[in-house]
Amino acid sequence: MGLLKNADGSAYINWGKNKIMAAVYGPKEVHPKHQVLPDRALLRTRYHMAPFSVDERKNPAPSRREIEISKVIREALVPAVTVEDYPRTAIEVWVEVLQSDGGSRVAGITAASLALADAGINMRDLVVGCSCGIIDSQVVADLDDTEDKEGSGDMPVAIMPNLNQVTLLQVDGMYSRADFQKAFELAIAKGKEVYGMQREALMKRFFEGQEAGMVEEESA
Amino acid sequence: MGLLKNADGSAYINWGKNKIMAAVYGPKEVHPKHQVLPDRALLRTRYHMAPFSVDERKNPAPSRREIEISKVIREALVPAVTVEDYPRTAIEVWVEVLQSDGGSRVAGITAASLALADAGINMRDLVVGCSCGIIDSQVVADLDDTEDKEGSGDMPVAIMPNLNQVTLLQVDGMYSRADFQKAFELAIAKGKEVYGMQREALMKRFFEGQEAGMVEEESA
Amino acid sequence: MGLLKNADGSAYINWGKNKIMAAVYGPKEVHPKHQVLPDRALLRTRYHMAPFSVDERKNPAPSRREIEISKVIREALVPAVTVEDYPRTAIEVWVEVLQSDGGSRVAGITAASLALADAGINMRDLVVGCSCGIIDSQVVADLDDTEDKEGSGDMPVAIMPNLNQVTLLQVDGMYSRADFQKAFELAIAKGKEVYGMQREALMKRFFEGQEAGMVEEESA
Amino acid sequence: MSMKKNYVVETIRKAQMVELLAKGRRVDERSPDEHRPLTIQTGVIQKANGSAIVTLGNTEVLAGVKVATGAPFPDTPDKGLLVVNAEILPLASPYAEPGPPSEEAIELARVVDRGVRESEMVDLTKLCIIEGKTVYTVFVDVNIMNVDGNLFDATSYAVVSALRTAKMKKYAVENDKVVVKDDVVPVPVEKTPVSVTMARIGDVLVVDPSSEEEAAMDMRITITTDDDGNVCASQKGEASTITPAHVLEAVDTSIRVGKAIRAQIIEATK
Amino acid sequence: MSMKKNYVVETIRKAQMVELLAKGRRVDERSPDEHRPLTIQTGVIQKANGSAIVTLGNTEVLAGVKVATGAPFPDTPDKGLLVVNAEILPLASPYAEPGPPSEEAIELARVVDRGVRESEMVDLTKLCIIEGKTVYTVFVDVNIMNVDGNLFDATSYAVVSALRTAKMKKYAVENDKVVVKDDVVPVPVEKTPVSVTMARIGDVLVVDPSSEEEAAMDMRITITTDDDGNVCASQKGEASTITPAHVLEAVDTSIRVGKAIRAQIIEATK
Amino acid sequence: MSMKKNYVVETIRKAQMVELLAKGRRVDERSPDEHRPLTIQTGVIQKANGSAIVTLGNTEVLAGVKVATGAPFPDTPDKGLLVVNAEILPLASPYAEPGPPSEEAIELARVVDRGVRESEMVDLTKLCIIEGKTVYTVFVDVNIMNVDGNLFDATSYAVVSALRTAKMKKYAVENDKVVVKDDVVPVPVEKTPVSVTMARIGDVLVVDPSSEEEAAMDMRITITTDDDGNVCASQKGEASTITPAHVLEAVDTSIRVGKAIRAQIIEATK
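Protein chains in written order, with the numbering used here: chain A, 1 to 220; chain B, 1 to 220; chain C, 1 to 220; chain D, 1 to 270; chain E, 1 to 270; chain F, 1 to 270.
Note that these hints are calculated values from the structure, not bench results. Quick caveat: nothing in here was measured; it's all calculated off a predicted structure. C-beta atoms are modelled at their ideal positions from N, C-alpha and C, and glycine is treated no differently. One should not assume that every hint holds.
Restraint ranges, calculated between C-beta atoms of paired labels, are given here [as the list claims (entries may be wrong)]:
| id | chain 1 | residue 1 | chain 2 | residue 2 | range |
| --- | --- | --- | --- | --- | --- |
| 1 | C | Arg88 | B | Asn59 | 28 to 36 Å |
| 2 | D | Leu20 | A | Pro60 | 43 to 51 Å |
| 3 | E | Val18 | C | Arg88 | 35 to 43 Å |
Required output: the full structure, derived from the provided sequences and hints.
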């Protein structure tokens with residue numbers, strides 16, 4: 001956290017082969033004016049992939065996938081931010097995927113949540129994510145790219161661990177009722193593990209006065 | 001008419017193989033402000049074709065053809081609307097071509113005119129359209145797609161029938177002076193026939209209290 | 001100069017095979033408002049090539065090259081304009097390349113500078129340009145298209161001749177320290193020659209009351 | 001659609017709804033797991049390869065299928081392409097505007113696309129004409145005609161119904177060349193995925209929210225199931241949360257409610 | 001160009017014009033069917049395959065032709081392509097802005113395109129090199145240099161003059177391959193369509209309206225005729241009306257006035 | 001990044017800087033021709049063919065190379081393609097905004113591209129696989145991560161370092177077909193161009209201006225030299241001037257300062 005000098009808050013995450021930088025600017029004035037929310041902050045998010053982050057070079061213009069993920073990331077973060085504390089302002093959350101692997105959106109949310117904390121934004125809880133899937137009929141957490149393609153499902157989940165609330169849920173694949181529950185519960189459990197690590201990173205940052213840190217999380 | 005619940009006015013037209021829905025919103029506030037007309041309403045129009053409305057799938061982005069037709073439709077409707085009754089407002093007319101055949105622009109104008117009436121907008125006259133062309137040296141009204149391609153001309157005309165004024169005229173093709181006059185006069189005559197049917201639809205709507213109707217006009 | 005009736009100032013230049021029209025509008029109100037500079041004029045420039053100006057038809061949308069050249073042309077002209085005389089206004093400089101040859105940007109700057117003078121904008125000095133390069137190890141001024149491609153360098157330079165200041169410098173190629181200096185000094189010297197012709201054009205325009213003139217400059 | 005909501009009215013309406021829902025009642029008297037009347041009409045656009053107009057209450061959606069041929073993606077040389085695209089037409093709502101698809105329309109198209117894709121409704125390998133060279137490309141374009149809540153389900157039903165009734169030209173490969181045949185064949189459809197969307201208002205999940213309920217909802221969840229009751233896609237939406245227990249409840253509701261809707265879709269697309 | 005008109009001034013000017021026109025006079029002393037001085041200069045852009053600069057009063061338009069090769073449209077495999085594109089340059093008017101073509105520029109290009117296309121001026125079948133595979137593509141790009149009314153006619157004359165003088169590379173087909181030849185051939189031009197635009201101000205139609213007249217006009221009508229006096233394209237513009245009688249009057253005027261202009265174009269492009 | 005500068009503060013700061021510089025001092029105590037600490041780390045993105053993260057003071061830039069195959073330009077059938085593209089990420093500065101590349105980002109990418117191209121750093125003829133048909137396309141994409149002045153040099157060092165360490169798939173031509181081989185080969189790099197950027201503040205040229213200095217600078221000049229001390233690219237920027245004498249001084253400084261930086265880049269990319 002705190003790696004980027006200009007941002008009000010930032011966090012870098014290294015998760016599987018994912019390398020993601022998140023930064024927060026704000027609270028700041030809203031432009032254009034007509035987007036001002038009188039009773040709370042406007043949270044802006046962009047999830048964006050570097051052209052070199054994937055196997056085939058990606059066009060730098062935002063794809064439909066990136067636009068959708070930017071939206072669900074916003075909806076996953078807003079519940080944790082006490083937006084009512086910052087009426088008439090904008091809080092910008094930029095998630096840049098420098099290298100992409102399976103689960104980049106949940107890794108991005110996790111980084112963004114740390115960056116919000118680093119920026120000193122008031123929060124009800126952190127938001128942590130984990131992605132589960134099915135490989136060879138087995139429910140598995142934290143799929144990497146190859147597993148993602150070979151497996152028959154991808155279920156990114158983001159939670160507020162202390163409040164036991166789900167803030168993001170997307171499902172791709174084919175799950176029996178029983179497998180769905182297994183995967184979903186595993187994702188939540190893994191998310192809580194991630195939270196332990198996040199909390200540590202935060203404590204280092206705030207209590208040990210460490211200026212810049214890096215969250216390194218190995219895939220399960 | 002009145003098929004769409006959210007619109008202030010709407011009309012559906014089934015004309016040859018044309019299937020067109022027109023809807024009106026307004027009078028409403030003008031955004032952006034600098035487009036406000038101090039002495040009259042701003043009429044906005046969009047003529048838009050569904051990707052599946054034509055033989056080869058159409059890209060959903062507006063083509064140059066659609067942009068031009070949106071302009072001539074606007075210029076064909078404004079003379080009939082007493083825009084001076086609604087200063088500083090916007091009236092939006094959306095023409096969606098769900099299936100396209102020869103003469104879709106005049107069918108669209110006819111539907112739009114009914115939708116304006118359905119929305120209770122003050123009008124000097126209705127606007128009705130008809131398209132004529134030449135096939136095998138014969139002047140023919142209301143060409144369908146195939147005739148349009150095989151024929152040697154297309155002449156969409158829109159009129160205000162009671163005021164005997166032309167509000168739209170476009171000509172494609174090759175007409176001798178005499179044929180031009182024949183085609184043009186036939187288009188006007190046919191337009192007046194269409195008007196008869198339109199008036200009926202309107203009377204049903206307003207005097208018989210019918211909530212939703214459909215204008216079905218067979219091609220000549 | 002003064003060829004275009006609507007523009008506040010204009011100049012046409014015929015330089016090698018370059019055919020360039022430059023026009024100036026302003027000082028005028030700034031839109032959008034938030035771009036207003038409280039203490040000086042905002043200079044806008046666009047360098048734009050006609051689709052038929054080059055060997056292969058150019059897409060009319062601005063290329064990255066045109067965007068960059070628009071920027072360096074702006075930065076080459078601003079130093080010569082007493083922008084502090086026109087606070088809160090915009091001065092627009094449009095450079096249209098009707099036919100392109102080597103050195104079109106410096107020819108464009110030269111024309112733009114004359115158009116600014118024609119518009120009666122206060123200036124510290126004119127801006128004149130010249131382009132040098134290396135062909136067969138020889139430093140040569142004013143390369144045309146073919147030479148540009150065959151040669152091993154292109155160095156467009158714009159100067160304010162009376163103030164002895166460089167306002168544009170771009171270098172492409174491979175120059176030893178000595179060749180660089182030779183080419184650079186040659187560009188400045190040639191620029192001063194161009195200035196002589198420019199001054200003549202201006203004098204004709206203002207003192208002989210000539211309404212429309214044309215600057216014809218043969219390549220060296 | 002970026003509804004510019006009137007905050008005061010919204011707050012009052014929401015309080016009323018929460019109160020009613022606590023007693024198990026909805027503003028329009030539906031039970032929590034009851035969807036609005038659903039009508040499905042297919043074959044409405046003759047120039048399309050398949051089409052369906054669906055109304056779900058006052059929400060109205062028209063989907064049209066066009067089948068073309070093209071090149072496959074390099075990494076799936078033996079599979080055809082399926083593209084779902086949605087436009088919320090400006091005539092559908094006072095809040096919709098002309099222009100490139102909004103964030104909402106993109107999410108809508110992608111969620112419906114995933115339900116179709118992940119259920120393996122269309123057998124993409126049967127859309128291959130010559131491996132690595134020529135495949136069918138199936139475009140499903142969706143026109144939202146009138147917005148009154150729950151675009152996700154109405155769009156899903158329209159897309160699935162249009163695909164189930166779509167016919168495409170037959171091609172043969174003769175001497176390595178693609179030759180058009182005179183007859184048409186159905187788009188190879190295997191399953192009938194059904195999406196069921198629920199809104200959470202206060203503590204209650206309600207199926208098929210209307211616009212009025214959407215204005216008051218905290219969270220939206222869409223779950224798509226296939227003929228065997230498998231979950232094949234889901235999407236949580238809106239800037240609020242859902243408890244793990246509610247997620248599992250939503251899955252069960254989706255399977256149960258989806259069954260009846262699937263029967264209606266199959267009946268309408270026979 | 002979305003002229004931001006000053007309504008008061010406009011109203012007064014218009015009243016004066018209507019009064020003058022009632023007496024058969026125009027502000028610049030032209031008769032109602034008199035166009036402004038027309039000059040045509042061809043071959044002005046050497047890098048273009050054909051070019052012409054046209055002035056009509058103070059309106060100034062430059063058209064350039066570029067010929068490339070490409071693939072034909074699937075439904076017209078034996079025809080070349082003709083593309084007319086217009087840009088109202090920002091230097092042409094205080095109301096023009098840089099950016100993608102405006103609605104006005106698109107209408108302008110399309111109306112001029114139709115006149116050229118429908119008159120069959122260019123024989124597109126002669127632009128075919130290999131049926132279904134390779135054809136000539138003729139781009140005509142128009143730069144509006146100065147706006148003083150009646151862009152339609154000035155653009156049409158510039159496009160027609162540029163095409164009439166355009167030369168393109170010759171291609172031969174040898175062993176199924178396209179081979180460039182050393183010599184050039186004229187773009188295959190058969191006719192000389194001429195567009196005549198009239199403005200209705202009050203009850204009078206005037207030919208070739210200036211900017212001043214356009215600011216006061218109610219309606220604009222463009223009629224394009226060919227060498228035999230056939231009508232091949234027309235476009236009514238502006239948010240007002242025209243009577244059927246005026247339409248027929250405009251056709252006759254267009255045929256009559258067009259004849260002299262055609263002679264001037266043919267003379268200038270010999 | 002269109003810095004919205006506070007004019008009063010800017011004027012005062014600038015006066016202070018000019019005063020200090022007159023005494024040969026900079027606000028951060030560097031000497032006029034001293035650059036900030038430079039760090040270079042390569043191989044940071046495994047999915048890229050080459051990558052480097054460079055910090056120059058607090059300016060931070062990440063460059064990634066991706067190599068694909070494609071068709072050559074018709075006029076250079078025997079040469080591969082090299083494309084440099086830069087994005088100033090919104091997280092890099094409070095003044096950066098998401099969206100298509102700004103004028104600044106385009107200039108940045110093009111100036112760095114010219115340094116690489118004109119120095120003949122990459123031998124483009126060695127990127128040809130089949131003349132006229134298949135060549136390597138080398139994309140270098142640059143992410144600006146943190147803006148603190150002198151993006152030109154930081155970007156140049158990142159691009160050059162990423163290219164120097166880039167490896168690409170080997171292709172063979174067998175029976176006129178391109179076949180992928182198992183091993184990788186380095187991108188054919190011949191030289192190490194080094195860009196040195198100077199700002200003029202008042203009468204003094206300073207190397208590697210920080211954001212603070214850029215806010216006060218009158219003019220910027222970037223000069224790129226190769227291993228033999230040849231000038232291969234230059235760009236003057238900002239809306240002010242430079243004297244001819246200063247240009248030559250800047251060339252000499254660039255050659256001198258560039259030498260040490262080149263050694264550091266070579267060392268970091270061994």
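Fill in: Unsatisfied constraints (hint numbers, rising)
Hint 1 is the one this structure does not satisfy, whereas the remaining hints hold.
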